[in-house]
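Novice: With the hints as constraints, model all of the structure from the sequences given.
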Amino acid sequence: MVGLNNIVRWAIVLGSILLPGFCLAQLKAHSFEEIEGLQKTARRHLVVFVYTNWCRYCDAMKTTVFKNEAVARTLNEDYYFVQLNAEEKKDILLNNHRFKYKPNGRNTGVHELATALATIDGKLTYPALVILNAKLEIVFQYSGWLNHKELGTVLRTVSE
Amino acid sequence: MVLIDGMPIVSSLGSVYGLSGIPNSLVERIEIVKGPASSLYGSEAVGGLINIITQKPQNASRISADLMSTTWGEYNADLGFSLNAGSKASVLTGINYFNFQNRIDRNKDDFTDVTLQHRISVFQKWNFERKESRLFSLAGRYMYEDRWGGDMRWDKRYRGGDEIYGESIYTNRAEILGNYQLPFNEKIFLSFSLINHDQDSRYGTTSYIANQKIAFGQLVWDKKWGRHDWLAGTALRYTYYDDNTPGTANAGGLNQPEKTWLPGVFLQDEITLAAKHKLLLGFRYDHNNIHGSIYTPRMAYKWSLNDNNIIRLNAGTGFRVVNLFTEDHAALTGARDVIVEGDLKPERSYNANLNFVRKMHFSSGAFIGLDVTAFYTWFTNRIVPDYETNVNQIIYGNLNGHAISKGISLNTDINFINGLKFIIGGTIMENTLTENGQTQQQMLTEKFTGTWAVSYKIRPLKLSLDYTGNVYSPMRLPLLGDLDPRSPESPWWSIQNIQFTYDGFKKVELYAGVKTC
Numbered sequence: 134m135v136g137l138n139n140i141v142r143w144a145i146v147l148g149s150i151l152l153p154g155f156c157l158a159q160l161k162a163h164s165f166e167e168i169e170g171l172q173k174t175a176r177r178h179l180v181v182f183v184y185t186n187w188c189r190y191c192d193a194m195k196t197t198v199f200k201n202e203a204v205a206r207t208l209n210e211d212y213y214f215v216q217l218n219a220e221e222k223k224d225i226l227l228n229n230h231r232f233k234y235k236p237n238g239r240n241t242g243v244h245e246l247a248t249a250l251a252t253i254d255g256k257l258t259y260p261a262l263v264i265l266n267a268k269l270e271i272v273f274q275y276s277g278w279l280n281h282k283e284l285g286t287v288l289r290t291v292s293e
Numbered sequence: 377m378v379l380i381d382g383m384p385i386v387s388s389l390g391s392v393y394g395l396s397g398i399p400n401s402l403v404e405r406i407e408i409v410k411g412p413a414s415s416l417y418g419s420e421a422v423g424g425l426i427n428i429i430t431q432k433p434q435n436a437s438r439i440s441a442d443l444m445s446t447t448w449g450e451y452n453a454d455l456g457f458s459l460n461a462g463s464k465a466s467v468l469t470g471i472n473y474f475n476f477q478n479r480i481d482r483n484k485d486d487f488t489d490v491t492l493q494h495r496i497s498v499f500q501k502w503n504f505e506r507k508e509s510r511l512f513s514l515a516g517r518y519m520y521e522d523r524w525g526g527d528m529r530w531d532k533r534y535r536g537g538d539e540i541y542g543e544s545i546y547t548n549r550a551e552i553l554g555n556y557q558l559p560f561n562e563k564i565f566l567s568f569s570l571i572n573h574d575q576d577s578r579y580g581t582t583s584y585i586a587n588q589k590i591a592f593g594q595l596v597w598d599k600k601w602g603r604h605d606w607l608a609g610t611a612l613r614y615t616y617y618d619d620n621t622p623g624t625a626n627a628g629g630l631n632q633p634e635k636t637w638l639p640g641v642f643l644q645d646e647i648t649l650a651a652k653h654k655l656l657l658g659f660r661y662d663h664n665n666i667h668g669s670i671y672t673p674r675m676a677y678k679w680s681l682n683d684n685n686i687i688r689l690n691a692g693t694g695f696r697v698v699n700l701f702t703e704d705h706a707a708l709t710g711a712r713d714v715i716v717e718g719d720l721k722p723e724r725s726y727n728a729n730l731n732f733v734r735k736m737h738f739s740s741g742a743f744i745g746l747d748v749t750a751f752y753t754w755f756t757n758r759i760v761p762d763y764e765t766n767v768n769q770i771i772y773g774n775l776n777g778h779a780i781s782k783g784i785s786l787n788t789d790i791n792f793i794n795g796l797k798f799i800i801g802g803t804i805m806e807n808t809l810t811e812n813g814q815t816q817q818q819m820l821t822e823k824f825t826g827t828w829a830v831s832y833k834i835r836p837l838k839l840s841l842d843y844t845g846n847v848y849s850p851m852r853l854p855l856l857g858d859l860d861p862r863s864p865e866s867p868w869w870s871i872q873n874i875q876f877t878y879d880g881f882k883k884v885e886l887y888a889g890v891k892t893c
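So the protein lines, in turn, are chains U and E. Using this note's numbering, you'd call the opening residue of the first sequence number 134 and step up by one each time. Using this note's numbering, you'd call the opening residue of the second sequence number 377 and step up by one each time.
Since the hints were made in silico from the structure, they are not lab data. Predicted model, so just to flag it, every value in this text is computed and none were measured. A virtual CB, placed ideally from N, CA and C, is assigned to each residue, including glycine. Check the hints yourself; a few may be wrong.
What the hints assert, rightly or not - Here are some chain E residues the structure puts well away from chain U; computed CB gaps all over 12 Å:
| id | residue |
| --- | --- |
| 1 | 395 |
| 2 | 697 |
| 3 | 749 |
| 4 | 829 |
| 5 | 870 |
| 6 | 888 |
Unchecked claim - Output of the computed footprint for chain E on chain U, the stretches with three or more beta carbons under 8 Å from beta carbons of chain E:
| id | region |
| --- | --- |
| 7 | 186-193 |
| 8 | 196-210 |
| 9 | 236-243 |
| 10 | 255-266 |
| 11 | 277-283 |
To be verified - One side only, chain U facing chain E, incomplete, derived with CB under 10 Å:
| id | residue |
| --- | --- |
| 12 | 222 |
| 13 | 224 |
| 14 | 233 |
| 15 | 248 |
| 16 | 252 |
Specialist: As structure tokens, then:
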């Protein structure tokens, strides 16, 4: 009947406007290839999270800290967020430089981009958080566990 | 089976030395693969794999040294070096020296309680940079060990003689391992190892002198195709073994070293059936020129309920050619005669295990990991020493029946962000032999074993505390007869260690502890 159809139609329209506000903030992760294009539309700092599959604290940060509402919102709105597997096997092209995977054993090695971004005092440990400005210069590096409050503070401070 | 950065160390005589000579400062992490991995690495990998992954060159210190001594009289030194050799190569070097010469006789039986040892081992690993980031690693390890035990009055001049009893073993071992990716677009890897192992031993007046040389090469093609991840390959192992026992003599009594050729082919496919389900099927065929064809199938099923809950089911077979004299020193020592019944056939095993892993992450940063495994292994042709039929003999034969090893293992890992950590594990198992319908617990096996590590870091004091230990339940012990006054069972037994580590200095760490023995 026409009346019922109208109600259904309004319900769909209202629902699609209201529902997104009830969903949890989904952290948007980009790839390095997208960054150049994105910077052209809006210049933002880049946050890179360097991790490996066997690093337990990296897992912990992925499942708790990066799923936190406030952190996800800040990263989505003020930054471009990229996750880098330090043992990534594929080449990555960034800033006209090709970064490659360097093996040192069967199924073990490290990607040059992880070494370039996350080496602190000569050492590369995981997890590592690196913030670069729009010109791809490193402005912040930290290695180790950060809880959502600490990460929130870092993100707010750097973007000022 | 032990691997270094994925390079297999293929050698039965030397498996006891798998982890030695590589200082902790050069180790990034250790990966453990539980369950049979025999389809990839052959009979050595029946129980699983231990893969020692070394530090990335930029992370290893240029020089590191670890020196330790105990009031028991043990001295240990580990040196590590990391260098770049030009722009295309990097080298890691490790040297280990261990000395224990303190004769202890707590039970006052005039025989040493613990083996006296002197050991030096050198390890070096080269990594070369090549075009297209292809892998080339080469490693070498050399070890020399001098160990002895026996009458408290013994020294070198009585070696091999009949005046004062002593057992002395000199071991000389050299290994070369490598991994090379062939220069093709397809991922094809060549792994090889060359090993030479010399043992010169005396047990009183009995001498056991053995040499084992192994050359091993394996070619593996790694191909991903849609939902399939294939591994296909071929391997060849040549083993030369010679000793001065009747084990390497021909019918005429003349020395005839054992030469074994073991070519093989294998195929493995890891299929992603669905987002949460993976199935691995593997098959290996080897041909041993003495024992004939060996078939080693393997199956593994992984069900990821989600990222934090994973169930795995593994099943496979194993094959082991046993060298009695090197593995069972009871055969050479002591007053019993060694009788070997017929031709010893290789041991075969069939294994299945079910494993559940659960990870719990909390927003505080705390983590709890749970790992439960149930395992069951059925052995046929098990080679068992019979201590009971005749007290003056040890009779070795293939078991006319079967042996079973089954149990459940529970491990938990608890980490708090304040620095408190627990690693606790326990295994309940039954190791039985069934012969002619009768089942008995196997000698020298325990029913329960537990292990723990509790760590806490007092950050303001820069002091860490580690409390570690293990515990074993009673084991059946071999007695000489009804009049043997000793207990037929060992007591509950535990070794515990408490260690304090201070890392307030920039480049030096101090540690001290107490250990029960």
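Novice: Does each hint fit the structure? Answer for all of them.
Specialist: Each hint, compared with the structure:
no. : hint    : in the structure
1   : 395     : holds, 16 Å
2   : 697     : holds, 26 Å
3   : 749     : holds, 19 Å
4   : 829     : holds, 15 Å
5   : 870     : holds, 28 Å
6   : 888     : holds, 26 Å
7   : 186-193 : holds (count 5)
8   : 196-210 : holds (count 4)
9   : 236-243 : holds (count 8)
10  : 255-266 : holds (count 4)
11  : 277-283 : holds (count 3)
12  : 222     : holds, 9 Å
13  : 224     : holds, 9 Å
14  : 233     : holds, 5 Å
15  : 248     : holds, 7 Å
16  : 252     : holds, 7 Å
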